[in-house]
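Visitor: For reference, the chains in residue letters:
There are 2 protein chains.
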Amino acid sequence: MCEAKAYLLKGSEEEEIMEEVNEIVEENGTVTLRSIFGEEKVLKAKLKSFSLVSHRVILEPIP
Amino acid sequence: MCEAKAYLLKGSEEEEIMEEVNEIVEENGTVTLRSIFGEEKVLKAKLKSFSLVSHRVILEPIP
Chain V
1 MCEAKAYLLK GSEEEEIMEE VNEIVEENGT VTLRSIFGEE KVLKAKLKSF
51 SLVSHRVILE PIP
Chain L
101 MCEAKAYLLK GSEEEEIMEE VNEIVEENGT VTLRSIFGEE KVLKAKLKSF
151 SLVSHRVILE PIP
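Each protein sequence line maps, in turn, to chains V and L. Under the working numbering, the residue at position 17 of the first sequence is numbered 17, and the numbers go up by one with no gaps. For the working numbering, add 100 to where a residue sits in the second sequence, where the first one is 1.
These are calculated hints, taken from the structure and not from any lab test. Glycine residues also receive a C-beta, built at the ideal position from the N, C-alpha and C atoms. Misleading hints may appear alongside valid ones.
[To be verified] On the chain V side, residues computed to face chain L include the following (Cβ under 8 Å):
1) Ala4
2) Glu26
3) Lys46
Isolated chain V (complex conformation):
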């Protein structure tokens, strides 16, 4: 499966915020994450990196 885990940067820490993410939409200073379970989270953040090899999405908060 191709789903990824999403993490939010907090200083040098990475806080896990969603598992099994399969959709990411970035607009107007927010990132919307959706999981295969139908879960949805909207964060005031932007994409920092996404690795399909390690299945990790890293988001950076927008101050």
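Using the hints provided, position chain L relative to the given structure of chain V.
Guide: Here is chain L on its own, set in the frame of chain V:
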């Protein structure tokens, strides 16, 4: 496999810019795409959406 195709929005058109993308890094108004073939492209753009279901990365140019 989890790789995705990357498209750049040109008006209402989507121009395919890279196949088999496995890494995306967004910083300072650029998006860097890397493929499983070691290809790398840096674009003046930002992420619009990413679907792991349809394996499509949509980028929006920054004017």
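Visitor: Against this structure, judge whether each hint is valid.
Guide: Taking the hints in turn, this is what the structure says about them:
no.	hint	verdict
1	Ala4	holds (7 Å)
2	Glu26	holds (5 Å)
3	Lys46	holds (7 Å)
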